[in-house]
Each structure stands twice: as C-alpha cells, then as structure tokens.
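Chains as they are written, first to last, in the working numbering: chain A, 1 to 835; chain B, 1 to 231.
I should point out that these hints are in silico values taken from the structure, not numbers from a laboratory. From a predicted model like this one, the values you see are computed outputs, not experimental measurements. Do not rely on the hints blindly, as some may be mistaken.
As the list claims (entries may be wrong) - Only pairs whose alpha carbons sit at most 25 Å apart, straight line, appear in this in silico DMTMM-like list of lysine to aspartate or glutamate:
1. A:Lys-614 x A:Asp-554
2. A:Lys-735 x B:Asp-10
3. A:Lys-735 x B:Asp-72
4. A:Lys-551 x A:Glu-285
5. A:Lys-551 x A:Glu-230
6. A:Lys-160 x A:Glu-126
7. A:Lys-551 x A:Asp-521
8. B:Lys-9 x B:Glu-23
9. A:Lys-735 x B:Glu-78
As the list claims (entries may be wrong) - Partner residues are not named here, just some residues of chain B that face chain A (Cβ under 8 Å, in silico):
10. Asp-10
11. Leu-58
12. Arg-83
13. Arg-86
14. His-97
15. Met-102
16. Leu-114
17. Ala-115
18. Ala-134
19. Arg-136
20. Ser-142
21. Ala-203
22. Cys-210
Claimed, not checked - Chain A stretches covered by chain B per the calculated footprint, using a threshold of three residues with CB under 8 Å from any CB of chain B:
23. 464 to 470
24. 746 to 753
Don't be surprised by glycine CBs; every beta carbon is placed ideally from N, CA and C.
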Amino acid sequence: MSLAWRIARRELRGGLRGFWVFLACLALGVAAIAAIGTVRGAIEAGLTEQGAVILGGDAEVQLTYRFAEPEERAFFESLGDVSELVDFRSMLATGEERALTQVKGVDDMYPLYGAVQLTPDMPLAEALAGRDGFAGAAVDPVLLSRLGLDVGDRVKLGVKEFIVMAALERMPDSAGAGFSLGPPTLVASAALQDAGLLTPGTLFETEYRIRTPEALDLEAAKAQAEAALEGTGFRWRDRRNGAPGISRFVERLSAFLVLVGLTGLAVGGVGVSAAVRAYLAGKTEVIATLRSLGASGGLVFRVYLLQVGVLAVLGIAMGLVLGGLLPLAFGPLIEASLPVPVDLALRLRPLAEAALYGALAAALFTLWPLGQSEHIRAAALFRDAQSGVKGWPRPVWIVVCGLILAALVGSAALLSGLVMLTLWAAGGIMAAFVLLVLAAMGVRVLARWLARRLRGFKTLRFALGAVGGPGREAQAVVVSLGLGLSVLAAVGQIDWNLRNAIAGDLPEIAPSYFIVDVQPDQLEPLVASLSARPSVSKIESAPMLRGVITKINDKPAMEVAPDHWVVRGDRGVTYADALPAGTDITAGKWWGEGYEGDPQISFAAEEAEELGLKLGDTLNVNVLGRDITATITSFREVNFSTGGLGFVLSMNAAALRGAPHTHIATIYAEEADEGAILRDMAKTYPNITAIRVRDAIDRVSEVLQGIAAAITYGALSTLVTGGIVLIGTAAAGEKARVYEGAVLKTLGASRAAVLGNFALRSALLGLTAGGIALVTGITAGWGVMVFVMESDFTVAIGSALTIIAGGVLATLVTGLMFAWRPLATRPAQVLRASE
Amino acid sequence: MTDPVMRLKDLTLSLDGNAGVVEILKGISMEVSAGETLGLTGASGSGKSSLLMVMGGLERATSGLVSVLGQDLTPMGEDGLARFRRDHMGVVFQSFHLIPTMTALENVALPLELAGAEDAFARAEAELTAVGLASRGGHYPSQMSGGEQQRVALARAVVGRPEILLADEPTGNLDAATGEMVMDLLFDLRDRHGATLILVTHAPELAARCDRVVQLRDGQIMSDSLAMAAQ
Numbered sequence: 001m002s003l004a005w006r007i008a009r010r011e012l013r014g015g016l017r018g019f020w021v022f023l024a025c026l027a028l029g030v031a032a033i034a035a036i037g038t039v040r041g042a043i044e045a046g047l048t049e050q051g052a053v054i055l056g057g058d059a060e061v062q063l064t065y066r067f068a069e070p071e072e073r074a075f076f077e078s079l080g081d082v083s084e085l086v087d088f089r090s091m092l093a094t095g096e097e098r099a100l101t102q103v104k105g106v107d108d109m110y111p112l113y114g115a116v117q118l119t120p121d122m123p124l125a126e127a128l129a130g131r132d133g134f135a136g137a138a139v140d141p142v143l144l145s146r147l148g149l150d151v152g153d154r155v156k157l158g159v160k161e162f163i164v165m166a167a168l169e170r171m172p173d174s175a176g177a178g179f180s181l182g183p184p185t186l187v188a189s190a191a192l193q194d195a196g197l198l199t200p201g202t203l204f205e206t207e208y209r210i211r212t213p214e215a216l217d218l219e220a221a222k223a224q225a226e227a228a229l230e231g232t233g234f235r236w237r238d239r240r241n242g243a244p245g246i247s248r249f250v251e252r253l254s255a256f257l258v259l260v261g262l263t264g265l266a267v268g269g270v271g272v273s274a275a276v277r278a279y280l281a282g283k284t285e286v287i288a289t290l291r292s293l294g295a296s297g298g299l300v301f302r303v304y305l306l307q308v309g310v311l312a313v314l315g316i317a318m319g320l321v322l323g324g325l326l327p328l329a330f331g332p333l334i335e336a337s338l339p340v341p342v343d344l345a346l347r348l349r350p351l352a353e354a355a356l357y358g359a360l361a362a363a364l365f366t367l368w369p370l371g372q373s374e375h376i377r378a379a380a381l382f383r384d385a386q387s388g389v390k391g392w393p394r395p396v397w398i399v400v401c402g403l404i405l406a407a408l409v410g411s412a413a414l415l416s417g418l419v420m421l422t423l424w425a426a427g428g429i430m431a432a433f434v435l436l437v438l439a440a441m442g443v444r445v446l447a448r449w450l451a452r453r454l455r456g457f458k459t460l461r462f463a464l465g466a467v468g469g470p471g472r473e474a475q476a477v478v479v480s481l482g483l484g485l486s487v488l489a490a491v492g493q494i495d496w497n498l499r500n501a502i503a504g505d506l507p508e509i510a511p512s513y514f515i516v517d518v519q520p521d522q523l524e525p526l527v528a529s530l531s532a533r534p535s536v537s538k539i540e541s542a543p544m545l546r547g548v549i550t551k552i553n554d555k556p557a558m559e560v561a562p563d564h565w566v567v568r569g570d571r572g573v574t575y576a577d578a579l580p581a582g583t584d585i586t587a588g589k590w591w592g593e594g595y596e597g598d599p600q601i602s603f604a605a606e607e608a609e610e611l612g613l614k615l616g617d618t619l620n621v622n623v624l625g626r627d628i629t630a631t632i633t634s635f636r637e638v639n640f641s642t643g644g645l646g647f648v649l650s651m652n653a654a655a656l657r658g659a660p661h662t663h664i665a666t667i668y669a670e671e672a673d674e675g676a677i678l679r680d681m682a683k684t685y686p687n688i689t690a691i692r693v694r695d696a697i698d699r700v701s702e703v704l705q706g707i708a709a710a711i712t713y714g715a716l717s718t719l720v721t722g723g724i725v726l727i728g729t730a731a732a733g734e735k736a737r738v739y740e741g742a743v744l745k746t747l748g749a750s751r752a753a754v755l756g757n758f759a760l761r762s763a764l765l766g767l768t769a770g771g772i773a774l775v776t777g778i779t780a781g782w783g784v785m786v787f788v789m790e791s792d793f794t795v796a797i798g799s800a801l802t803i804i805a806g807g808v809l810a811t812l813v814t815g816l817m818f819a820w821r822p823l824a825t826r827p828a829q830v831l832r833a834s835e
Numbered sequence: 001m002t003d004p005v006m007r008l009k010d011l012t013l014s015l016d017g018n019a020g021v022v023e024i025l026k027g028i029s030m031e032v033s034a035g036e037t038l039g040l041t042g043a044s045g046s047g048k049s050s051l052l053m054v055m056g057g058l059e060r061a062t063s064g065l066v067s068v069l070g071q072d073l074t075p076m077g078e079d080g081l082a083r084f085r086r087d088h089m090g091v092v093f094q095s096f097h098l099i100p101t102m103t104a105l106e107n108v109a110l111p112l113e114l115a116g117a118e119d120a121f122a123r124a125e126a127e128l129t130a131v132g133l134a135s136r137g138g139h140y141p142s143q144m145s146g147g148e149q150q151r152v153a154l155a156r157a158v159v160g161r162p163e164i165l166l167a168d169e170p171t172g173n174l175d176a177a178t179g180e181m182v183m184d185l186l187f188d189l190r191d192r193h194g195a196t197l198i199l200v201t202h203a204p205e206l207a208a209r210c211d212r213v214v215q216l217r218d219g220q221i222m223s224d225s226l227a228m229a230a231q
C-alpha cells in the first residue's frame, strides 16, 4: 500500500461529514443523465421489440395517391400476408357540424399484429360491418365528444353515411402513424368506394402491410422491393425501425436533455469544487504539518486526490443507483404518459455514459483546488492556517484540466450524435460560466466600492461590505445559482417566443382555412362563391400533387442529403405557367408563359442552399408513380412561416398539367364567419377537406407544450443542483455568520439589524445571479430563435422577472435557513469558543 | 468615593457543558468605581473571563444582580443588552474578533454606525490614526499582523467613547514586545478618555499597572487589593 493511500485512508476515517454537498451534486448530475439515458433506452428497446406492432406489419410499402397495381400486389403477397390500408384527411360531418379527421380505411386482414380496442368491446369486423344498412365506423372519442356524437349516431364522410358503432380507444399501430392534425376514424376501405373521396388526384396514401415469415431477411426483401418497384415513388419501412419519426424525435430530445443534464453537472461542479476547497481549507494545518515533517507537494496532492477520488466514486455510484432505479420505480407512470411502448430495464450503456460524464466532471472541478494544495507550506502552521488554497496550480494541472474539458465535450458530442449542438451548448455553458465568474468578481469590486461610499445606509453598507469582502461566498452563489437560472431563463425565453410565433403572430396574417382535394372543376365555382362573401378578404389557390424527390443529379436523393426534410418523404408539388404574382425569383429565370419544352423546376431558395443545389442541377421527382426528370432553372423566395401557400417545388405547367390532380386553396376570412363558410362549403362540396388553421396551431402548440415541459423538467433538475450548491454554500458560511453575528451583537447590533444584514446580502447575490442568468438566457434564447428557428425574438418580460425574483427568493430562503443560529447564539458562547 | 459604575451581588453562573452543568461563578459580589482600572487575575478556569462576559452582558448570569451605570442588566433582553453595550461599553478580546469581511476602517466605524453617528468614518479614521494605523484603513484583517489587528480592535473599542472598557487578555495572542506596545496603547487610551477599565490578564506585570487587582479561584474572589488596602 502506498504511503499516499495509507495517509488518505487515515484522513478518511474522519468520516464524510462536510461532504454531503459534494456527494449530492455529483450524484444528482449523474442521476439525471442516467435517468434520461435509461428512459431513452427503454423507448428505443420498446420501439425495436414492438416494431412490427407499431408499424402494423413486418414490412410496409407506402404509395401516394394510388392503390397498388396487380403485379405490385402480387409482389407484396410473395413476401407474406398482406393488409391494405388507405389513409387520408377528410371531414366527418353530422348535421351542420363537421370536424377534421384522419380516415383509415382497412381490409379484413387489419390489424396484422396487435388488436384494436373499442368501446363497447366488440370485434373490429363487427364494428366495421355496421348495421341497419349503414357501413360502420369506429371514431376517436375526442372526435365523438367534439361533434356531440354517441354510439349509434350517423355520420357522413364525403357523400356517404356511416353509423358510429364504437369509440376507437386504441389502434395498435397509432404510434407509427406520426403526427396528424385530426383524430382518427376507422372504416372498411370497401365502404369508401362510393363516398366520393378517393377520386383521381385526391390526396391519399395507401399502405401495404406485410406479415412475413419470421426467417425472411428484411434487408433482402427491401432490396427486392427496390428492384421491383423502382421509379414508382414507393416508401419502404420495416419492423427494424417501425416508427422512424418517433425514434428520431426521441433521439434528439434525449440528446438535448443530456446536454441540459451536463449543465446540471457543471452547476454541481461548482458545489463539488467549493466542497473540496472548503475541505482543503480545513486541512491546511494538517497539510502544513505533513510538509513540516518532510512530505512533498506531490505526496500531499496524491493524498487528497485519492480521498477525492474515493468520494467521487461513491457519488457516481449513488447517482447511478438513483438514475437507474428511479425510472423503474416510476415505470407505470412513464408507460402511461408515453404514446409508445417502453421496455424499462437497467441498461449498461446509459449508466456507463452517465458514469463517464460524472467522472470527467468530478476530475475537472477538483483538480484545480487539489493542484493549489501543493502550494501550502509548512509556514502555514504559524500563520494564516485557515486561509485555504490559493494561487494558480502548476501548469501541468492547468493543461490536464484543459484536456479533461476537451474529453468531456468530445464524449458528449460523440455520444449524443449532435456535434454542432453539443459544441454550441458547451460553448454557451463555458461562456456563461466565465461570464458568471467575471460577474461575481465585478460584483465584489462594485460592492466594495459602494460600501465605502454608502456611509449613511448602514445595513446596506454592511451587506455590501460582506459581499465585497474576502471569502468565496459571492462566487459560489453567483456561479451556481446563475448557471442553473441561465438554463431556465433560456428555456423560458425560447418557450415563450415559440408559443408567440405559433399562437401569437401567425394568426394575424395566416389564413382561416386550408382547403385540400378541390377537384379542378370545383375550383372556379368555389372561388366565386367564397369571393362573394364580404367576410372573405383573400383566396389563394394552386394546383397540387404530391411528389418524392428520388434523385439529385442522378444520385439517390437519400444519399445526397439523408437528413434533409425535403427529401425525406413526399412533398407538395405545384405547377404554373406564368410567373405567379408576388413571386420573388432570387436566381435564374422563370420559364416563359406557354413554355412546352423539357420539364423545368423552380426550387425554394433557402432549401436549395441547404441541399447544395445549383442552377442547372437535375432532379428526378416521382409523381403518381412516374419519374419526371427536370432541370432547376430558378430559385424562389418561399416563406413557410406566414401560413400561406408555399411549395418547395414548382414545375412548368406542361410537365404536370396532364396528371390527375386537385387544388389546394387558402381562405382569409373574418373569424366570426369561419363556421358558416365551412358549413356552406361542406354542403356543396362534400369531398373537400378544410383544415382550420387555428385548430392546427392549437394541435402544434399542444405538441410543443409537451416538449417544453420535458425540457423544463430537465432545466429544473439543474436548478435543484444549483439549490443544493446554494444550501451547501450557506451551510459552509454558517460558522462565519455565527461569529459575525456575535461580534455585531457585542458591538451593539440588534438581532433585527443582524438579520437585515444577512437577508440583504443574500438578496444582493440572488439579484446578481438572476440578472446575469437573464443576460445569458436571453442571449441563448435569441441565438436559438434567430439562427436555429429563423424567427423573430422578443424578450419575454414575465419569464425574465420570474427568473430574477427566483434568484432573489432562492438565496433569501437558503440564506435565512442558516440565519437562526447566528441570531439565537449568545455572543459569549461564540467568542469564548474561538479564544 | 465616587458612585460605583458596576455593582455585582451574589452573582452565579452555571453553564451546561458536555460534562453536565458546571458552576463557573459562585456568589461574586463586588463594586467597581468610575475611572478605576481593575485587573482580574487567576489561573485558567478560575472564571475571570466568564466574569468579564457577565459584566459586559455577553453572558447572562444564572442568579444575582448585575448593575452597570445604575441599570440592572439581568432583566434585559438580547437586543437591550446589545444597545446598552453600544452606548456604554467597549470590548477588546484576546483573538481580536474583527469582522473578516470588513476593512480596518469599517471595523472601527462599525459601533458608531450602529449607534447612528453621521461622522462615523471621520471619527474612525481619527481613532485609527491614534493607534498608528492611519495608512492601513483599507486593509482587511487577514492582511494585517496580530499586533495590528489588536490595535484596530482597541480603536474600535474606544471610538464610541464608552464609559467602561472591558479587555479579555488583550495581549494573550501577541509576542512580548507587541503585547507591551498594545498595553501601553490601551492604558494611554483609557487615560485620554477617562473610561473605567476592567482587564482580564494572566500577566502579573500587567495586573501591577492596574489601580486594583481582584484574584479569582474556582469561581470565587480569592483576594481584592482594594479590600486589603482598606484593612
């Protein structure tokens, strides 16, 4: 056993008293990251294990606008049992009332996996068969209540009447369906044939779910499908990734939450560092004695490194136990609140990841004070024994600290997969950290300066003097609380601005309705009737088809830009002959009116830049199963944020005019007339679907609210760590305050004056932490809104004031928690003890 | 004879320590006259510092009477005692007990500020000059030597011109030369301001400088030079 370890062990016999802040900060930071990782692992495992159920089959081929041709169907059947599902948006109507719904037309084979839950409980076939001569429908309970419907009532889809046979409680494949604006209605697809909804050009998708033999190689099947269906614009999914949208979302959200968790660890690091510093200050005499007996600085460093190492291992272990077990303890709650199946279990990877972050953070925040301990000399025995560690550590420790920091950021970037976001976040945290340290120093200087000038205000001057005087309280409080509040302030600013952008600004310029599936012969009379209404101020319309960009310059689009949303599915494609009014061409030239030559494309300028497209590039766009090769001849400004019509792809009219298609229209009308417009429109044109923009915004806001809540919880865990650091700092300062209180009382200060002094200095520090947090939070919020969300930014005053008030309140509460002893203790007890 | 500034009668003090209740002072009765310099001596644990604490209202007597400047301290609350000290007493401790977060000047000005004096800092500066530390007003206690800290503490004790100065082994933490310098200063300040000085000390040479010496043993008065002179 080495000498350092022997001495360290003897020192540790003193117990862990005074180390609860160290352990709590490290354990909490590690626990938060471990818990996030465990839940993420559970979701991913659930998605993998239940992949077939979520997808609705082992494999799925999706077609846009059309049903499979007989030979395509034969190919699907060669792979296994096939279920056909047709999926589209429509209006569910009863009497004068109508509401948007996502219609799912299914065959007898549906569902291939899992079961549909209905109320009243009945077989799906019985529900869809209907009764009294009407085809049956199972309708989402939300929709039933919105339309005031009961089981047994009749509803209309298009021109056909259905009977509501049951409430549709749960579909096994609902998680795989992704985001939809309308609640679902389940009907038999055979019953849709005469509903007038699946006419040529109507927007619908067909999904062919295949139950394959277990031994079938899905990769090989996918390759076969690609060969057999090449150029048809099909999309393949299989159980290996049944819900790619959800997987991607979970991956990103959890990576983001891990970054929030790392901020928590940075906040905890302040507490860890302060605890080590306080411990070493208490050990100055011991260290000086060791030095006087011949111990080298290196030996002293190793002795305390070993002690801190043991504590770090303990803290990390506590964090892993907490972070691993908490999700399991709250298993039923987590399962109930997530729309996807989860498989909660202890998994090595998230725990190892959390342990790695914990170990690196502990090393980063303890090496500095440990390095400083090398400077303690034997002379400290004779004077200044309580002053603790000071000065700069040796250069080698500064370099090591830098390397550890790089390792921490590097591993976070690597493990989260979000390199840029991690680097930005790490840069943000470091900038906030430096800013807070500088602010703490600045506040001390300012407090000292003010204390010398505010001689008429004694309580304020005492408080300022205490803030500005020697000691590390100001720095610990401002940095730890400030960092926690910074995260919360940034989340608050982003959340408010996002809500504002979606719910506040948009409706002022956004249309009342999006109308889809307007047949070419319906467009003119529809526009005419709407224009006749005084409440309608504007109608815009455009022909619309759906198309998939399959190739860019002859290379598969998914290889050129696999992550870009434009190539990740089918997009709306429009065509025009003459340049539509208000179009802003940023580069190239619009094809002339009456152009009949080779297909040309005008592409959205910003998206083109993101994809690296240039004028003259060729795109293969699959529309209705047919690949059209077209050349990009111009770029246009397209603003998606106004809610108006915006198409990434616009082609010359001759290229698409012959294809069956419908029109999309936007109606700008007064809110009071919106209901009447919908009723009149639906009566005359039962096939068209109207999406009320306000409802869509509400739906998007709901989803955003959930995300904001998850991030706020993450930020709150950071604040809890900040709170622990605060309590630790206040507890560490209690002895000094007891002493100070005793001296003040000896000199004639009343208890109220002593309390006022303590409260005021706490409030001053809280105010500083809150103020700096606001600056960093607003800067981060501005950066995210302007550069990431490409939206406007306004300072959220309410959130800002809450942060400042929170800072003051937090320091006041923790400060006053430890004010009782200084107030209650009689001066003689304290002064005698320190004689 | 002048009126006594301090009158103690049947004074007892018991403290509840780890080893149970300990009787520290056992029936002390004495009077201190205005302007007197009184030395309290005795072995360690004899109760001299505790007696000083009770005299200053820093410790509450278990029983008996403590009357200072005609006011009974025993019924006074904590804040009342604090106000009384602020207006009438100055205290010097062996460990200086300066507030570490305040500069020397701020420490000296503190009692005046607590008393609401508008010229607190001007008077504090004058007092620091009087103890030879005019140039160290902006320094924190941690930046000063023990002797300097004790001089700051002396300045703080006398800056309010108290009627009574209490000093608890003020040279106990200082080397001989510095201790002597501090004691010269203490007696000089007392002479200048004419306060009553009650001094706890181990050092016979210091006690010898006092008008009167009371020796304690085991919580009781063993000898009182004043009584002996009267005999």
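For each hint, the structure was consulted:
no. : hint                  : in the structure
1   : A:Lys-614 x A:Asp-554 : 14 Å, holds
2   : A:Lys-735 x B:Asp-10  : 35 Å, violated
3   : A:Lys-735 x B:Asp-72  : 32 Å, violated
4   : A:Lys-551 x A:Glu-285 : 74 Å, violated
5   : A:Lys-551 x A:Glu-230 : 12 Å, holds
6   : A:Lys-160 x A:Glu-126 : 19 Å, holds
7   : A:Lys-551 x A:Asp-521 : 33 Å, violated
8   : B:Lys-9 x B:Glu-23    : 16 Å, holds
9   : A:Lys-735 x B:Glu-78  : 20 Å, holds
10  : Asp-10                : 20 Å, violated
11  : Leu-58                : 4 Å, holds
12  : Arg-83                : 6 Å, holds
13  : Arg-86                : 2 Å, holds
14  : His-97                : 5 Å, holds
15  : Met-102               : 5 Å, holds
16  : Leu-114               : 5 Å, holds
17  : Ala-115               : 7 Å, holds
18  : Ala-134               : 16 Å, violated
19  : Arg-136               : 15 Å, violated
20  : Ser-142               : 6 Å, holds
21  : Ala-203               : 16 Å, violated
22  : Cys-210               : 21 Å, violated
23  : 464 to 470            : holds (count 5)
24  : 746 to 753            : holds (count 8)
Checked against the numbered hints given earlier, this structure breaks hints 2, 3, 4, 7, 10, 18, 19, 21 and 22; the rest are met.
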